[in-house]
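> Produce the entire structure from the sequences given, and follow the hints as far as they go.
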Amino acid sequence: MDHKNAKKPSYSRFSQQELPAWKPILTPGWVIASFITIGALFVPIGLLAWSASDNVVEISDRYDEACVPDDFNSNAESFIQNPDTKKTCIRNLKVPKKLVAPIFVYYQLENFYQNHRRFVKSKSDKQLRNPEDENDLHSCYPEANTADNKPIVPCGLIAWSLFNDTYKLSTRGKQITIDKKGIAWKSDTKAKFGSNVYPKNFQKEGLIGGAALDESIPLSEQEDLMVWMRTAALPKFRKLYGRIETDIEAHDTIKVEIENNYNTYKFGGRKKLVLSTTTWIGGKNDFVGVAYVSVGGICLFLAINFILLYVFRPRRLGDPSYLSWNRHPIN
Amino acid sequence: MGTGRKRRLHFSKIYSFKCGRNRFDDDHSQIGGPGFSRVVYCNETGVAEAASQSYADNYVRSTKYTPMTFLPKSLFEQFRRVANFYFLVTGILSFTKLAPYSAVSAILPLIVVIGATMVKEGIEDWQRQKQDYEVNNRKVKVHRGGGVFESREWKNLRVGDVVKVVKDEFFPADLLILSSSYEDAVCYVETMNLDGETNLKLKQSLEATSTIHDDSDFNHFKATVKCEDPNASLYTFVGTMEYQEQQYALSPQQLLLRDSKLRNTDYIYGAVIFTGHDTKVIQNSTEAPSKRSGIERRTDRIIYFLFFILFLMAFLGSVYFGVVTKRDLDGDRQRRWYLGPDRSDIFFDPKRAPAAAVYHFLTALLLYGYLIPISLYVSIEIVKVLQTIFINNDIHMYYEEADKPAHARTSNLTEELGQIDTILSDKTGTLTCNSMEFIKCSVAGTAYGRGVTEVERAMAKRTGSPLIVNGRDQLLDDHNDEDSTLSVKGYNFEDERVTNGYWFHEPHSDVIQKFFRLLAICHTAIPDLDEETGKVTYEAESPDEAAFVIAARELGFEFYKRTQTTVSFMELDPVSKKRVERTYELLNVLEFNSARKRMSVIVRDEDGKLLLLCKGADSVMFDRLAKNGREFEESTKEHVNEYADAGLRTLILAYRELNEEEYKEFNEKFTEAKNSVSADRDELIDQATEEIEKDLILLGATAVEDKLQKGVPECIDKLAQAGIKIWVLTGDKMETAINIGFACSLLRQGMKQIIITLESPEIIAAEKDGDKNVISKVSKESVKKQILAGKAQLTASTSDPFALIIDGKSLAYALHDDIKSTFLELAVGCASVICCRSSPKQKALVTRLVKEGTGKTTLAIGDGANDVGMLQEADIGVGISGVEGMQAVMSSDIAIAQFRFLERLLLVHGHWCYRRISSMICYFFYKNIVFGTTVFLYEAYASFSGQPAYNDWYLSLYNVFFTSLPAIALGVFDQDVSARFCLKFPLLYQEGVQNTLFRWRRIFGWMLNGLVSGVIIFFLCTRALDPESYRKNGKTAGMEVVGATIYTCVVWVANCQMALAVSYFTLIQHVFIWGGIILWYLFLLAYGAMPTSISTTAYNVFVETLAPAPSYWVVTLFVVIAALVPYFCYKAVQMRFFPAYHGMIQWIRYEGNTDDPEYVNMVRQRSIRTTTVGYTARSIARDNNLYHLNLELQAPK
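So the protein lines, in turn, are chains X and U. Just so we're aligned: 59 in the numbering used here is position 59 of the first sequence, and the numbers increase by one with no gaps anywhere. Just so we're aligned: 502 in the numbering used here is position 171 of the second sequence, and the numbers increase by one with no gaps anywhere.
In case anyone wonders, no lab produced these hints; they're calculated from the structure. A portion of the hints provided could be inaccurate.
[Said to hold, decoys possible] Some chain U residues judged to face chain X by a derived CB distance under 8 angstroms, without partners named:
(1) SER1274
(2) ALA1280
(3) TYR1361
(4) LYS1363
(5) THR1367
(6) VAL1373
(7) SER1394
(8) THR1427
(9) THR1436
(10) GLN1477
Note that the structure is predicted; figures quoted are calculated from it, not measured. A virtual CB, placed ideally from N, CA and C, is assigned to each residue, including glycine.
Below is the structure:
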């Protein structure tokens, strides 16, 4: 570079904004092709998902109202709060189709705000993980320590409100075993809950919230607790209760013996027991399939419309009379 | 040093200075009083008295910050922005228990954003610092003591120093001239930097000090100056000097101002009076106003709107939260017992529900803050800086000859470049190069001169036809042409019939001889003979005059000597072919003034014949011709009209012979008039000259080109096609301005000129009376009347374009508050507006009037210090850095080297920048609204407790990491159409002028799109995942799974939306858009792999729960497509059936129709239909005229 042109900008395609570029515009071809592609992709996926969901057998039974004896009908709360009332309740479930193992047993709560900020924050991750941190209680109020100032392990409202209904299932008079192992996430059992942390002072005094814990079992094996403590996203949620490893034939009747302990009556919540099989897409959920098919269908419909539009309303491109400021001329 | 004072004329004898010997008057009595307290001890820097003065040093600072003030000041600047302040408050609040997320995650983005802006500010200020350094370290010779001068930096100059400035140097401070290389101590000063005037000004020292001529004389020089305090008035100066125990009065005549330049004078000595920030020019420079673009102002309003939405959302949420919380505890009866309502802290206490709601309101403000794009401002700034880098590096805006690239000095106005409605342009040095060239002449009814003007060249290029001028194809001669301009400055005359003495063979050679003799004699220029080379150069009052003398010299009539009474020139004798010397006795000079519009000299030639030689404007000259002197009148008139239409300045040349009696009579009258002291002196002189300047014999006409800068007509034509209005504001006189109007096709034949002037007889009569009140009243009435008349004309005829020409005096009245709106209406209705004789302040006022009156974006372009006010007042000031002098450039926002670069700057860069910024801002709002909507909807399902579904870091990194880069790429690189098409379809520029890309409809459209996308994402995701198991292993989705899935969809949608909106994919776009998505997955992997104490809810969430679940992928695909389909449909329909202008051009490019002229023309239809200025319009107008003419000719037959 000689001195005379010392300040001359150097030429590069980048600095001159002349980089090679792909400049797509939405031509009729592109538009129709994309809609058809989406339609062609979505409809089959939707049908697959739909049929998968269709193969799932799900039995759901709402029992919170039915399990209150008639004489407590008007006052379910006093029934549930009274330690002396008999809480056991028998439900019979019809099996419409054969349930093929593994069958998952869920409890479903509705109108229960596990996602409430006060609730979500009310736990101590450190304490759950490490016995030395059992005094890490600052986030656990009001379930942090006992009256004599001993730390509660696990502390906080979540653990305190642990779900405590239990189910016993039998069919044709034969007990069905519910496997309660392996219902928690691996990251919970391995990382989040310590294998050397044991429940302490839990549900011992004051108000009793929910289930108590066996103090001889470390937290990392308390799978019900772990499942409960993975807070749900929405106020209507299902949580895994256990797994049944035997098939249940169609048209059988399942006798369920429920210990109806958990108080949902105060806040008008519902309780359901759900038995369900799964497929690749998960449990029974027609929504994904239906939605896929409808979006795919809409796209195909749009494709047809665009084809018609382009055929019947061809227009010379770039007609300036379409310009906004020609339609409303300035001045 | 003695040679510097070689034989010199005493200029004071030719000119009659009014100053030079000053009298003490009223003003001087104020010295020592308030406002006049300055005392300067010249040449006594060592003396205690002088040292005790604490006047400012000569360091001039233009930086915004010093190292000390940088941090507090720039932080303050940052947090003055509402959005930044809001984020500061939320950042502080996030340390309290109110925060729904962790403090670090909230503060970090703010630090990144503020830090980036501060770094940018710092770099910009550092560049200003570098400029300051250059100026402050220029060297000047300063008297050290003992008669010795040494070089010293400007910044080290002190008040009272004696400096020596040599030819072509700038004055380092305001100096009091003591003496110069001329014996009578005058010096020439170029004040272009101060007032834009290019003619040289004479300054003269006091007689008392004018005898000091040697460095050594200053050994014992001592003087004390008492004068006014620093002030901004350039044209006043009051002071006294005590020298050799005598008092002398000082006037502006002795003051040399900083930033003006010494010309034609070898050196001067001066004493420093004002330094640094005390100098008049710096005092005059108002603090550069910080300009904000219209888009940014509108962005602010949108931010306020979003704040309103934010507060509304928070308010509604809080009310709901308060109600629900209160219901949780009814006496002893708890509802949601699992929340422990009986044992709650204040934030959730049902017993104090209103307080809880108030606290919750704050929490909600923090949480919904994601609605406000935190990174928007910093992104805009980064983008603009990068855009300016592109502007600075544009090779098409680099001026080879001066080695000057374009230079955007402020980066915050780039998009305004795409919205210019009106350009207010200076003339001299901006449109023209400020050099006059003798280009054509008409002698004895024959037109000579084959030079091609810029306009002719531009028109020829457009029509594509070869340009035939006098039988030669000039287009082919382009390169020759450049050679000739190199040869002699001020002379571009080419005609082999005349040059090299061939004129002798022309039919009217005697007339030609008289013609050129007249040029060589009738002027006031002073020759400067270089004794070594024998070459003569001239010092002339005006560049036109210089052009005449140069032309005469080049054609063989070389004027080389002037004495008090004679004019001598060398002439080629046609008969003997020898150079002979001719000396004419100069008897009288009848000077030029704007009323007379002519100048004459009366000379006695060597044969003793008395001649009156006269040159003047055609309007006055043709009336003064003798009956027998009109031989060539018709053809000359025709030529003059032709020349004028081509933008050339014409003068008519004529002469008459006088007999002795006639002359004697005249001389008596004239001398008497000159010596009279009465008020009507001028009138008497006029009368005397009037009587003698008649019965002239026409010789011919000259045409001088006020040379336009290269490419100016083309550029103006393009800008006109783009629908940009161009106003010319010039300090020149009306004729010149009109000429230039013609030259750059702002005016043309067939355009109706509305001229507003105060040169009418009654005004002049009123002025004679001298009562200021009466004058101003009469003048104002007159201006008002003229404006109203103009408006009436305007409404009466809609077909013809109008041009408004107004002079400075009238402008002063037109800018009065009560008529300025009428004036503006008139001006806006005209196709061209030319304001002549306007002062710098008027230029600024006109600019403000246009800016505020029309509410449109204005751009001012100029090169001199007289344009500074205008540049600062306009929305964008563009400085021309072509000529010397940095004042305009320093106060401009963007500096370019040539006017013609404006075309590319506006049509290409301006359009792109506007489009980029407005699209980027819309997109920012879009992506934040998508995100904010999902956050809000989730709240609705969490009883507005303030719990987000997302991990803290998802929240805070959304804006900064996953979605900002593609937006910035859009802002920096996007091109709707390529530069070539921007220039080919100038009308595209209207998109910016009409603000179609950033009008409320579009902004709200994007917001609505964001809302729709957010709603679709939220509901589809939650519905698809809850409450059933979402995996084969029967597990159900908790908050972390749902949160991560929604977030994934949001990131996908935001980036894919970008991909749909962008029409220009370079590798960079691909990397940023798809990279943003990939980055999210990488982040999720990396963050999830961290220990649970850090990653909390994100621990292993991808590896363990999301990735193995087919439904996660299925849902992502489905939700993303579903959220984008509405926009895609809209765009497909819009692009096909209602394309915007850029869309059409994209179609044209796509269809390959660019080479089909008919088709392209159709698209350009509008621009061609409505342009009224520019050479395109001009040639069309001319074609139409021809067409009508033909019709008329055919009709009778």
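> Does THR1436(U) pass the interface hint, meaning its C-beta sits closer than 8 angstroms to a C-beta of chain X?
holds, 7 angstroms
> Under the criterion of a CB-CB separation shorter than 8 angstroms, is TYR1361(U) in contact with chain X as hinted?
Hint on TYR1361(U): holds, closest Cβ of chain X at ~4 angstroms, below 8 angstroms.
> Would the stated hint for VAL1373(U) survive a check requiring a Cβ distance to chain X of less than 8 angstroms?
Status holds, d = 4 angstroms.
> Can the hint on THR1367(U) be confirmed by a CB-to-CB distance to chain X that is less than 8 angstroms?
holds, 5 angstroms
> If you take the shortest Cβ to Cβ gap from ALA1280(U) to chain X, is it below 8 angstroms?
holds, 6 angstroms
> With 8 angstroms as the cut and Cβ atoms as the points, is SER1394(U) at the interface with chain X?
holds, 6 angstroms
> Return the status of the interface hint for THR1427(U): holds when the least beta-carbon distance to chain X is below 8 angstroms, violated otherwise.
Holds, about 7 angstroms.
> Against chain X, run the beta carbon of LYS1363(U) and see if the smallest gap drops under 8 angstroms.
holds, 5 angstroms
> Is the interface hint satisfied for SER1274(U)? The criterion is a beta-carbon contact with chain X at less than 8 angstroms.
Holds - the Cβ of SER1274(U) comes within 8 angstroms of chain X, reaching about 5 angstroms at its closest.
> With chain X as the partner, please determine if GLN1477(U) meets the hint condition of a C-beta pair closer than 8 angstroms.
holds, 5 angstroms
In terms of the numbered hints stated before, the structure departs from none.
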